[in-house]
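Top line first, the protein sequences correspond to chains B and R.
Each residue of the first sequence is one higher than the last, beginning at -7 in the numbering used here.
Each residue of the second sequence is one higher than the last, beginning at 2 in the numbering used here.
Just so you know, the hints here were simulated from the structure itself, not pulled from any lab data.
We put the beta carbon where it would ideally sit given N, CA and C, even for glycine.
Treat the hints loosely; a few may be bogus.
To be verified - Residues of chain B placed beyond 12 Å of chain R at every Cβ, according to the derived structure:
(1) His73
(2) Val185
(3) Glu191
(4) Asn202
(5) Asp210
(6) Gly237
To be verified - Here are the computed distance ranges between Cβ atoms for each label pair:
(7) B/Lys17 with R/Asp296: 52 to 58 Å
(8) R/Pro174 with B/Asp97: 30 to 36 Å
(9) R/Lys303 with B/Met11: 52 to 58 Å
(10) B/Val185 with R/Lys366: 37 to 43 Å
(11) R/Leu392 with B/Glu228: 29 to 35 Å
(12) R/Gly367 with B/Lys17: 48 to 54 Å
(13) B/Gly31 with R/Pro119: 37 to 43 Å
(14) B/Ala54 with R/Gly367: 36 to 42 Å
(15) B/Asp203 with R/Gly376: 52 to 58 Å
(16) B/Met11 with R/Tyr326: 20 to 26 Å
(17) B/Glu20 with R/Lys366: 32 to 38 Å
(18) R/Glu348 with B/Thr181: 53 to 59 Å
(19) B/Ala45 with R/Ser342: 55 to 61 Å
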Amino acid sequence: MKSTGQPSDIGKNRTGIQMSPKQAKAMEEGSSRVQPPPGDESKIAEVREGYHARATPVGTMAPPGTLKGMAKSAGKALTGHKATVLLDKMGERMAFERTGVRLYDALIAKVSASGEVDSIGLTEAALRKIQTDELRHMQIVAEAIEEMGADPTSETPCADVAGVQALGVMQVLTDPRTTVSQGLAAILTAELVDNASWEMLVDLAREFGNDELANTFDEARRQEEEHLRQVKGWIEGLTKQESLGVSAPAAPPPA
Amino acid sequence: MALDLTKEKGIPLDQQRFTWPDLVRTPISKLNDDAFTRVRVILMNGIENESWIFQHQFARCSKDLRKELARVRRAEQHQQTLVNWLLPPDQSALETTIAYEQVAVEVTATVAEHEPDPYMKQVYHFGLLEDFDHLYRYSALLDRLEGKDANNILQSYTDIMPGRPTWVEHRHPDDDIREHYDCKKAHPLTKIHAMLVLAAEQQTRNFYATVGNVYADPVARQLYAEISSIEEQHVTQYESLMDPSETWLEKWLLHEATEVYCYFSCMHQESNPRIKQIWEQMLSYELGHLNYVMDLFEKVEKRDPFEVLPKTLPQPLDFTSHRDYVREVLKKEVELRAQGSQFVPKEKEPQDGPSATYRNYMNSKGSPSETVAAGYRWIPGTELIARAQALRAQEMGVH
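Start from the sequences, fold in the hints, and give me the full structure.
Structure representation (structure tokens):
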């Protein structure tokens, strides 16, 4: 198979025991004679459980900054709904969309450097369109948070945890050595989560009796569905091209 | 191939310059580069860090040489960045930890093997068996936390087996102080060895102390806390090997000579041509520093630098697997314990002595290194391979 400059080319990967069978055999032989410390993995679980029992949350919600917000939170509490649950999830969505804009910045840079793939519609314009949607979604949630009397600049606990989740995606996308295809796979992780999360947010808003908000969120959800379809299509297209040996956008060859 | 320090001038200090892209280059490949390329990168980061921190300490105690120290230190700072930034971002902190322990095992082994002083050799053996155990504990953590095989970092060069169990390595500080070499009598290689092993251990302590808190998992946080504490003991041990009567300038000369020796060793054995070129450049920079400090030494101390330095560098470090050597040391010396500056069989360690008392209290609410490796035996592809195979066999039997 000729080299296409892709990571899937056969190269000098040195991992795996087959790369040094003699040495690996010596390692296995040594390891088989090991007397490990007593017990098993359940000891790890015990320590984790002990810490769980004493743990405090990563943080809590900020108190409403305005009288209007205070009244709204209290109002929902009377109807049996805790408004801060909705606000926390909205904070999460807003943070995710905000990070999403930055993730697309990184992906666009990667596509610009590697070249667009018109044959499958993977163009900078198409990516910019998705990025603009993410930015709009961010603003929609920010306005809704404000409308509920809360502070959209506050980082809610779920927003914080979503930021931790996105770190790996960001690492893949900003690494100059990863290919467009690998970058899209990372974005796929984000888009799948985004789709499911918007779906749940729409339902939550309805449970809170806020149909207007739910309808606005549902529009965002529909756009996210389209993003997911596009991203999957691009990955499938690139993978097919690569498997047929067609030159596809790639990172520089390994040094 | 020997390097004649009386002739090699390197690149003069005032011609050593960097741009930001010079410092931030394409990293090595976690998958494709040889494990010893990564070992060299990590070792040299440690060597550069030690020089940087030493020169700061010197400057805090010196009125006259602050400018000279600042000039050399600026170059060291940028060399450290260039070298350390060669590690790739797809290597997790825990995978980098595995590589740090591989450095500790393989570099300490080659040092011990070539060390002319028998007492120093024994000290290296003693530390080696402890780092060897750390590699086993961290490998268990990598498997059980990230679901990854440590051997993909080690590339089958280094065994994953228990050494002196980490839980018994905790000692009273007094039992970590060793005897120092005599700077007037010691072989130059003895001085260089002490410096380079100290540098490697110090960066390991600093790395664990920095990344230990990036883990969410309390088991990982505990293990880093525990092993970082041992690395502090190792820094104490190795720094005590150096003769405190050496002058500051003498120590500075030795630092520069150690850097030259290590870059020379790296350049000699590097398999990646791009990285080899970097080692070559860094070697010529360090020769420039060495000559700069030799001039200062002559001017300030009115002594010949070759009273302190060898005229030619010794044989390069041997960046290869030391499996047989390590296994032999393991077999003979794993049961040794430290008592003051000496090593004794474990039966002779007083059960109510300072180290036993200290260790028993530290471990009184559990031992992280024992917890993480409970029942752990390395097999290719992680221990989950065995579990998955058993599951499949069971399911096939049922259907």
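Provide an ascending list of the numbers of those earlier hints which the structure does not satisfy.
-> Hints 8, 12 and 19 contradicted; others consistent.
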